[in-house]
Structure formats: structure tokens, C-alpha cells
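Chain order of the listed sequences is A and B.
Mapping of the first sequence onto our numbering: position 190 corresponds to residue 200, and the numbering continues sequentially without gaps.
Mapping of the second sequence onto our numbering: position 158 corresponds to residue 168, and the numbering continues sequentially without gaps.
Hints are computed from structural coordinates only; laboratory data are not their basis.
Source: prediction; values computed, not measured.
Just so you know, not all the hints are guaranteed correct.
[Unchecked claim] Straight-line Cα separation of at most 30 Å, DSS-like style, residue types lysine-lysine; simulated pairs:
1. B:Lys168 <-> A:Lys179
2. B:Lys128 <-> A:Lys168
3. A:Lys168 <-> B:Lys238
4. B:Lys168 <-> A:Lys206
5. B:Lys108 <-> B:Lys168
6. A:Lys168 <-> B:Lys197
7. A:Lys179 <-> A:Lys208
8. B:Lys128 <-> A:Lys269
9. A:Lys128 <-> B:Lys168
10. A:Lys30 <-> A:Lys197
11. B:Lys168 <-> A:Lys181
12. B:Lys181 <-> B:Lys117
13. A:Lys117 <-> A:Lys238
14. A:Lys168 <-> A:Lys206
15. B:Lys206 <-> A:Lys168
16. A:Lys207 <-> A:Lys30
17. B:Lys179 <-> B:Lys108
18. B:Lys168 <-> A:Lys168
19. A:Lys144 <-> A:Lys73
20. B:Lys238 <-> B:Lys144
21. B:Lys168 <-> B:Lys181
22. A:Lys269 <-> B:Lys269
23. A:Lys168 <-> B:Lys179
24. A:Lys128 <-> B:Lys269
25. B:Lys223 <-> B:Lys238
26. B:Lys144 <-> B:Lys128
27. B:Lys30 <-> B:Lys108
28. B:Lys144 <-> B:Lys168
29. B:Lys168 <-> A:Lys197
[As the list claims (entries may be wrong)] Some, not all, of what chain A presents toward chain B, calculated at C-beta under 10 Å:
30. Leu43
31. Thr46
32. Lys51
33. Tyr59
34. Ile61
35. Pro151
36. Val154
37. Leu156
38. Ala164
39. Ile170
40. Arg173
The beta carbon of each residue, even a glycine, is placed where N, CA and C say it ideally should be.
Protein chains: 2
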Amino acid sequence: MIGIFDSGVGGMTVARAVEKLLPDYRITYFGDLARTPYGSKSPATIVEYAIQNTEFLLAQGAKLIIVACNSAASVATETLRQRFTVPLFEVITPAIDKAIIATPSGKIGVIGTVATIKSGVYDREITRRNPQLKVYSQPCPLLVPLVEEGWLDARETKMIVRRYLYPLKQKQVDTLVLGCTHYPLLKELISQRIGKKKVTLIDSSAEVAHSLKAFLETHPEIEQSLAKVGENRYYVSDVTSAAAAIAQMIFGRPIQLIKT
Amino acid sequence: MIGIFDSGVGGMTVARAVEKLLPDYRITYFGDLARTPYGSKSPATIVEYAIQNTEFLLAQGAKLIIVACNSAASVATETLRQRFTVPLFEVITPAIDKAIIATPSGKIGVIGTVATIKSGVYDREITRRNPQLKVYSQPCPLLVPLVEEGWLDARETKMIVRRYLYPLKQKQVDTLVLGCTHYPLLKELISQRIGKKKVTLIDSSAEVAHSLKAFLETHPEIEQSLAKVGENRYYVSDVTSAAAAIAQMIFGRPIQLIKT
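Whole structure, please, built from the sequences with the hints as guidance.
If you want it as C-alpha cells, here you go:
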């Protein structure tokens with residue numbers, strides 16, 4: 011079974027992408043709603059939570075883990091790889107791979123939470139692979155609360171998106187990484203503000219699903235270990251009405267959230 | 011020693027008010043930054059956290075507890091009173107007492123987090139004491155993230171405050187309870203938007219300090235049990251730079267945050 015965790019329900023955009031591209035495999039999801047959000051917390055605290063979440067998914071029978079939270083992926087990936095032996099996917103590397111291919115001018119923008127941007131992981135990894143590339147990062151701490159409030163198309167949201175994107179627009183980035191699993195829900199708005207025709211948006215949810223598919227095609231022993239019968243399960247450490255609404259928005263159908 | 015807890019650093023407005031009005035008594039504060047915010051979480055989860063926070067403060071030697079978080083006070087006060095025998099103060103009752111006295115027309119507005127407003131505690135308690143009074147409530151989930159982002163005077167914040175306050179303005183409330191410890195930091199802005207001359211703002215931080223002072227004057231055995239020497243201590247379950255900045259904003263001086 012494929013185990014996916016996130017700080018909340020945003021990571022369900024990853025679960026949805028995996029479900030679409032790889033419908034044969036069973037998914038168990040964990041959203042840490044009792045401690046959400048991670049993006050404003052310290053690296054030490056996020057690492058501790060990421061370890062606990064991985065242990066929970068392994069105990070459920072996960073043979074492969076996807077860290078579907080950019081904040082956790084930014085600061086906890088190395089620790090998780092040292093600590094656990096199962097294959098570990100995260101939302102950052104596939105997005106970086108895609109951004110490097112996508113950029114014509116070499117100017118890449120990255121938006122994310124405070125934890126993600128402060129970690130410097132996108133900048134470090136992109137320039138390590140190609141020192142010619144320029145990375146411009148912008149923390150956008152209000153976008154997660156705006157999505158959770160359901161203000162996807164509100165005038166205030168448009169203004170805040172414009173304000174956050176302004177410095178990246180000034181730098182004329184031609185590729186923009188959506189470095190948070192909530193942001194695909196604001197994709198259209200972000201695309202309009204940054205320049206629809208000129209800028210390619212990189213959605214890590216889709217990229218991680220593609221990367222997982224390629225991996226399974228070349229790793230039959232792992233592929234065979236994954237459960238192919240049963241139900242997908244969506245566990246959360248707290249149940250709130252807002253979470254249920256966002257889950258339904260992402261999947262286009264009601265999702266039963268199971269309290270851990 | 012007086013124990014004060016909150017989901018984060020917003021409750022420091024209460025600690026500050028107590029420190030100003032009752033400088034002789036030592037305070038130990040706990041801010042649950044590792045699990046903040048509470049306002050978007052479920053009542054069951056908030057109750058669990060409130061019990062743990064109270065136990066922590068009692069273990070530090072608290073002889074009296076102040077629940078400086080409206081979300082926790084809304085849903086956990088009854089459980090805490092059943093479970094613990096120390097005197098328990100919270101930010102809701104003193105604000106209600108003041109609002110009932112302050113309203114000339116009997117139309118009281120309340121703003122707070124989703125958890126606070128959904129609990130219905132203000133409405134229930136105000137109309138229980140005086141069924142003639144009308145209570146109009148409005149959840150304002152974006153105000154806490156806006157304060158934590160430091161956008162105290164941003165145009166976007168003004169627009170969002172206007173949008174949240176619009177229904178209360180329509181109802182012509184003459185008294186407005188700031189039902190979240192973060193909101194005093196937006197007091198000037200809220201006051202301008204709701205109508206400075208016409209509407210009295212009730213800041214629960216100041217009210218709970220007054221209520222505590224009155225209690226200590228009539229309960230010498232409790233008053234004598236409170237520590238009067240030593241340092242005030244500010245514990246947090248996570249240390250973030252944003253928290254340190256807000257703490258400094260509230261106290262007007264740097265505050266040393268001790269990680270639990």
C-alpha cells in the first residue's frame with residue numbers, strides 16, 4: 011500500500027494525482043489536522059511530526075511513503091531517509107526536475123510556506139544541478155488560510171496573490187513552482203496574476219505521481235509488494251468541517267475522513 | 011504563581027494586562043506553538059490540549075489558572091473545572107460581564123475564531139443573563155494569520171476586516187467583543203471599521219485582569235499562596251521567529267521564550 015502524509019488535507023491533491031495516474035494501487039493517507047499547519051513551525055518540530063507520521067503509515071502496512079507536504083519535505087527528508095528503509099518520495103524533487111526542463115530563460119520562481127522557503131531547498135537543489143539557473147523565492151503564509159477559508163476567488167485573495175507575486179513578476183521568472191500542496195487550488199488565480207501565457211506553473215502533485223509511476227515500472231519487487239485490493243483510506247488526527255469541505259473540493263466527491 | 015496558557019503567543023496580551031495591573035505576582039505562561047492554532051480544530055482536540063496545558067502549568071507550581079485562549083475557553087472550561095480544583099479564570103466571562111454593562115441598545119457583536127463562534131458560548135451566556143439582549147456573532151478565521159504575518163496595517167487586512175464586520179455593522183451593534191486574544195493587536199483598525207464613536211470595543215485581556223484583581227482582594231488564602239518573587243517565565247512548545255516578534259510587539263520589549 012502507498013502511504014501519503016501531509017500536515018492537513020492539502021496533500022490530498024497528491025493522493026488525487028496518484029489515484030488518477032495509478033488507479034490500481036491502494037492508498038492510505040494521513041493528514042495531521044490536530045497539529046496543522048506545519049509551514050509556520052520550526053524545523054525541529056516538523057521533523058518530529060514527520061517521523062511520527064511515517065511510523066503511523068508503516069504500521070498501517072505502507073510499503074512506500076510519499077511526503078505530500080512541502081514544509082515536511084523541505085526539512086525532514088534527509089532524516090526520514092536515514093531512519094526508514096522503505097522507498098521515500100516527496101513533492102520537491104519531481105517539481106525541481108520539471109522546472110529545470112521547463113525554464114527557457116533560466117529564471118525560476120518558487121512560492122511556499124515560511125518553513126519551505128526558509129529551508130532554501132529549492133534554491134540549493136536547482137543551482138546545484140545547474141549553477142546557471144536563477145531561483146527567486148517568495149514565502150506566502152496567507153495562502154493556506156485563504157484556501158482553508160474557501161476564499162478561492164475572493165477579491166482579497168486576488169490582491170494578496172498579486173502582492174506576493176509582484177517581486178517574482180519583477181524578476182521576470184518564466185517558470186513558477188507551486189511549492190505547497192494547497193496552491194493547486196489557487197492555480198487559475200496564480201496563473202492569471204503571474205502571466206498566463208508567459209509563465210509555466212509547476213504543480214508538484216502531478217509531478218510526484220509521474221515520478222512514482224516511472225519508479226514502479228523499473229522496480230517490480232516494490233510494485234508487487236503494493237496492495238491492489240481494498241479501499242483507499244483517509245486518516246486524520248482531527249476532524250473538522252472545513253477539512254471535509256476541502257477534501258470534497260479536491261476529489262470532486264465526499265471523502266470519509268477517519269479519526270486516528 | 012499565576013499560570014496562563016494560550017494556543018500561541020496571542021494570550022500574551024492577557025499576561026501583559028495581568029503584569030500591568032498586578033505587578034506583584036509571578037506569572038508562568040505556556041504557548042502551544044507546536045500545535046497552534048486551536049480556533050480551526052475540533053472541540054474534542056481543543057479539550058485534550060487544554061487539559062495537557064493545565065497539567066503542565068500545575069506541575070510548574072501554578073496555584074491559579076487563566077485560560078487565555080478564547081477557543082479553549084469556549085469549549086474546555088467546563089471540563090477543566092470538573093477536573094482541576096484550582097481557581098480557573100478564562101477570557102470569556104469577564105468580557106461578557108463588561109459587554110452587558112456597556113451596551114445601551116442591547117445589540118452586542120462578537121468576533122472570534124471558528125471554534126469560539128461555533129461553540130455559541132457568548133450568545134448562550136449573554137442571553138441567559140438577559141434574554142432582552144441580542145447577540146450577533148461573526149467568525150473571522152483570517153485575522154489570526156494576518157496578525158501573525160505582521161500585516162497589522164495592510165490594505166488587504168483593512169478590506170478583510172471590513173468584510174467580516176459588515177454584517178455586524180448592518181445590525182447596528184453598539185458593543186463589540188474582541189473574542190480572540192490576537193484581536194487587540196488590530197484594535198485600532200477594527201474600531202475604525204465598526205465605527206469609533208458609536209461602538210464600544212471589549213478587550214477581554216484587560217477585563218480578565220480586573221476580574222482576577224477583584225477575586226484576589228476577596229480571597230486572601232489564594233492571594234497568599236501566589237509567588238511574589240522570582241521571574242516571569244514564558245514557555246512555548248515550539249520556538250519560531252514570528253512568535254518572538256509578536257511577543258515583543260505585545261510587551262514592548264524582547265521576551266525570552268523557553269522551549270518545553
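Hint-by-hint comparison with the structure:
| no. | hint | result |
| --- | --- | --- |
| 1 | B:Lys168 <-> A:Lys179 | holds (25 Å) |
| 2 | B:Lys128 <-> A:Lys168 | holds (28 Å) |
| 3 | A:Lys168 <-> B:Lys238 | violated (52 Å) |
| 4 | B:Lys168 <-> A:Lys206 | holds (29 Å) |
| 5 | B:Lys108 <-> B:Lys168 | holds (27 Å) |
| 6 | A:Lys168 <-> B:Lys197 | holds (25 Å) |
| 7 | A:Lys179 <-> A:Lys208 | holds (10 Å) |
| 8 | B:Lys128 <-> A:Lys269 | holds (20 Å) |
| 9 | A:Lys128 <-> B:Lys168 | holds (28 Å) |
| 10 | A:Lys30 <-> A:Lys197 | holds (19 Å) |
| 11 | B:Lys168 <-> A:Lys181 | holds (28 Å) |
| 12 | B:Lys181 <-> B:Lys117 | holds (8 Å) |
| 13 | A:Lys117 <-> A:Lys238 | violated (42 Å) |
| 14 | A:Lys168 <-> A:Lys206 | holds (15 Å) |
| 15 | B:Lys206 <-> A:Lys168 | holds (29 Å) |
| 16 | A:Lys207 <-> A:Lys30 | holds (27 Å) |
| 17 | B:Lys179 <-> B:Lys108 | holds (20 Å) |
| 18 | B:Lys168 <-> A:Lys168 | holds (15 Å) |
| 19 | A:Lys144 <-> A:Lys73 | violated (37 Å) |
| 20 | B:Lys238 <-> B:Lys144 | violated (42 Å) |
| 21 | B:Lys168 <-> B:Lys181 | holds (20 Å) |
| 22 | A:Lys269 <-> B:Lys269 | holds (29 Å) |
| 23 | A:Lys168 <-> B:Lys179 | holds (25 Å) |
| 24 | A:Lys128 <-> B:Lys269 | holds (20 Å) |
| 25 | B:Lys223 <-> B:Lys238 | holds (15 Å) |
| 26 | B:Lys144 <-> B:Lys128 | holds (17 Å) |
| 27 | B:Lys30 <-> B:Lys108 | holds (19 Å) |
| 28 | B:Lys144 <-> B:Lys168 | holds (26 Å) |
| 29 | B:Lys168 <-> A:Lys197 | holds (25 Å) |
| 30 | Leu43 | holds (7 Å) |
| 31 | Thr46 | holds (8 Å) |
| 32 | Lys51 | holds (5 Å) |
| 33 | Tyr59 | holds (8 Å) |
| 34 | Ile61 | violated (14 Å) |
| 35 | Pro151 | holds (5 Å) |
| 36 | Val154 | holds (8 Å) |
| 37 | Leu156 | holds (7 Å) |
| 38 | Ala164 | holds (8 Å) |
| 39 | Ile170 | holds (5 Å) |
| 40 | Arg173 | holds (7 Å) |
In the structure shown, a violation is registered for the earlier hints numbered 3, 13, 19, 20 and 34, in ascending order.
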